[in-house]
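Chemist: Taken in order, these protein sequences are the chains called G and Z. In terms of our numbering, the first sequence opens at residue 1 and continues consecutively. In terms of our numbering, the second sequence opens at residue 1001 and continues consecutively.
Calculated from the structure, these hints are not laboratory results. Glycine included, each C-beta is placed from N, C-alpha and C at the ideal position. Please note that the accuracy of each hint is not assured.
Facing chain Z, according to a computed beta carbon distance under 7 Å, are these residues of chain G, among others [claimed, not checked]: (1) Y6; (2) C37; (3) G38; (4) R61; (5) C63; (6) V64.
Under 10 Å between C-beta atoms, here's a sample of chain Z residues computed to sit facing chain G [claimed, not checked]: (7) A1356; (8) H1357; (9) D1360; (10) Q1363; (11) I1364; (12) G1374; (13) G1375; (14) Q1380; (15) M1383; (16) L1388; (17) A1415.
Residues of chain Z clear of chain G, computed beta-carbon distances all greater than 12 Å [stated by the list, open to error]: (18) H1053; (19) L1064; (20) G1170; (21) A1196; (22) D1219; (23) R1247; (24) A1275.
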Amino acid sequence: MSRDLYHQRMLELAERGDASERLADAEVSVTLDNPLCGDRVRIDLDCAGDGRIDALSHEVRGCVLCRAAAAVLDTHAPGLDADELRAVRDGLRDGLRGERTLPAAHDWPEFAVFEPVAAHKSRHECVLLPFDAVLSALEQRAASANGGGRTTASTTGT
Amino acid sequence: MNAAVTPPGTGFDPHAVRRQVPLLADPPHGRSLHYLDNAATAQVPRPVLDAVHDHDTMRRANVLRGVHRLAEAATEAYASARATIAQHLNAAAPEEVVFTSGCTAAINLVAHSFGALLKPGDEVVISELEHHSNLVPWQMLRDRAGIVLRVIPVTAAGTLDLERLPELVGPRCRLIAVTHVSNVTGAETDVAAVVAAARSVGARVLLDGAQQVPHAPVDVQALDVDFYCFSGHKAYGPTGVGVLWARGDLLAALPPFLGGGEMIRRVTLTETTWAPPPHRFEAGTPPIAQAIGLAAALDWLQAQDLAAAGAHLHALTQRLLAGLASLAAGRDRMRILGPAPGQPRGPIVSFSVTGAHPHDLAQILDSHGVAVRGGHHCAQPLMDAFDLAGTTRASLALYNDAADVDALLNGLDDALRRLA
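Here chain G stands alone, though its shape is the one from the complex:
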């Protein structure tokens, strides 16, 4: 794997990761900021009755790494519940920290593109921000489930 952060595969993913077609009348909408750099991710989410992600869309005002991560989430997050997605996110975080191999056999294959990011600690949050936004949306959805209403939230995270 190249040590260059801006290798071709990363740039291709980032190009896909600017934004996806917005969900109409999404069940949950969450906007999360990274206070360090001003990156902003908006996630719209619909879930099945068992809490698994049914569909999501995103809009990213952020760097290449953030947009690439959002594109990967678009591909793989549907079908996961909050606990499963948190495990994936924490595994990615640990890989970026150099605490385990990235990608491991059970990881999403695209995690390989983030391997060069491990050497740049200041950029780890760029990759994790979309994951945190989706997790925040799932938490908002769970919190409002009893109330039964739709949720819109804006948060400063990471």
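Following the hints, put chain Z in place on chain G, whose structure we already have.
Modeler: Leaving out everything else, chain Z in the frame of chain G:
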């Protein structure tokens, strides 16, 4: 060592300066280093490092209390540093200089101590151009004291829109707190206009001088302001030290901010009376070695030919602006922020490129050995005004030369090609 290129005609030799700065004279790991993040932290020349080292190896002790020889020597050195700072600011007396942990702490001190004198409904005027350090303390004061904040907007050029002053500065205005030089756009504030507006209603003026002190002499009496704040680490000094200057009579009327040792006259179990300024505002052990280092930094700065240095920095800034304009010519998505040509500005240039995030630009520039800052620069309201997530900022110092600027431009050209 980077290639030496000196703009002609300024009579200033940045390489002589660079040779005095160990980190630039011999960059770590032998890598080329074009350091253009000086608005965040400037590099430290040898005389400053020596002053701090000499103090810690020859005179290290606490100040103002001990009677042993080391304590006396430390106290004398600390007092001497205060006098040096006062002389550089043309303060009326050393007692008008309060050492803090930085510019942020200095502004927080004013927000608490001066703020304690304000009543609900009193007004403080700030601006859209401010660093968070000159915004958040006033919002916190608003929330605890019920004051009203009024905000001077920025123009499209990133300067204060001072034409709005008459409508913003009313009879309840007690303070105008604005930057002297913007840390994002480099715009210089028309201080005389701000002071005139404040005086028309009997209000005070605070200037955030963090980006001014490193580049030009400051005369607080000539500026006719009431509070002046700056940081050591942006002025070739150590981290962890800053200065609040305030008029002596004003300081004497203010209650303390932090309580503890060294700021008292008498403490009983039921009450405390305060020491006179400046010690009233320096609770606990102050940043002694850092203050001594800061005094050495300002002495070092004063020893430079500042007129020639100013011309040098102006020439480099123009070279940078021209280079960016050239790069922007083929790319309509680049936006260069800041005052129009000919308008006063510090050696700070910010720009944005649609589709190329500042962090990505800064990361690729780093691979070219160019250190710049990408992000919101602790000025999120300004970014909101510009409708930007952030900018890429290059900020110059005395040791920078044309090779540094050219390295930035070449690296940026590469980054734009890769991210386009």
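Chemist: If a hint holds in the structure, say so; if it doesn't, say that too.
Modeler: Now the hints, each set against the structure:
Taking 7 Å as the C-beta cut-off, the interface hint given for Y6 (chain G) holds, the closest approach to chain Z being about 6 Å. Hint status for C37 (chain G) relative to chain Z: holds, with the closest Cβ pair at about 5 Å, below 7 Å. For G38 (chain G), the interface hint holds, the least distance from its beta-carbon to any beta-carbon of chain Z being 4 Å, beneath 7 Å. The restraint placing R61 (chain G) at the interface with chain Z holds, with a minimum CB-CB distance near 5 Å, inside the 7 Å limit.
This hint holds: C63 (chain G) has a C-beta 4 Å from the nearest C-beta of chain Z, less than the 7 Å allowed. With a least beta-carbon distance of about 5 Å to chain Z, the hint placing V64 (chain G) at the interface is held under the 7 Å criterion. Annotation: interface hint on A1356 (chain Z) holds; nearest CB of chain G at approximately 9 Å, less than 10 Å. Checking H1357 (chain Z) against chain G by beta carbon gives a least distance of about 4 Å; that is within 10 Å, so the hint holds.
At a threshold of 10 Å, the smallest CB-CB gap from D1360 (chain Z) to chain G is about 5 Å, leaving the interface hint in force. The beta carbon of Q1363 (chain Z) comes within 6 Å of a beta carbon in chain G, closer than 10 Å, and the hint placing it at the interface holds. Because the beta carbon of I1364 (chain Z) sits about 7 Å from the nearest beta carbon in chain G, less than 10 Å, this interface hint is met. A cut of 10 Å between beta carbons decides the hint on G1374 (chain Z): the least distance to chain G is about 7 Å, and the hint holds.
A cut of 10 Å between beta carbons decides the hint on G1375 (chain Z): the least distance to chain G is about 5 Å, and the hint holds. The closest approach between the C-beta of Q1380 (chain Z) and any C-beta of chain G is roughly 7 Å, which is under the 10 Å cut-off, so the hint is satisfied. A hinted interface residue such as M1383 (chain Z) counts as satisfied when its beta carbon comes closer than 10 Å to some beta carbon of chain G; here the least separation is about 6 Å, so the hint holds. Annotation: L1388 (chain Z) was flagged as interfacial toward chain G, and the flag holds, the nearest CB pair being 8 Å apart, inside 10 Å.
A least Cβ separation of about 9 Å between A1415 (chain Z) and chain G falls short of the 10 Å threshold, and the interface hint therefore holds. No Cβ of chain G approaches the Cβ of H1053 (chain Z) within 12 Å, the least distance being about 30 Å, so the stated non-interface status holds. Listed as a non-interface residue, L1064 (chain Z) keeps its Cβ farther than 12 Å from every Cβ of chain G; the least gap is roughly 39 Å. The claim that G1170 (chain Z) is not at the interface with chain G holds, since no C-beta of that chain comes within 12 Å of its own (minimum 33 Å).
Once the 12 Å rule is applied to beta carbons, A1196 (chain Z) is consistent with being away from chain G; the minimum gap is 35 Å. Once the 12 Å rule is applied to beta carbons, D1219 (chain Z) is consistent with being away from chain G; the minimum gap is 36 Å. Distance check on R1247 (chain Z): its Cβ is at least 36 Å (rounded) from any Cβ of chain G, clearing the 12 Å threshold; non-interface status holds. At the 12 Å boundary, the C-beta of A1275 (chain Z) stays outside the reach of chain G, the nearest C-beta of that chain being 38 Å off.
Violation of the numbered hints given earlier is absent; every hint is satisfied by the structure.
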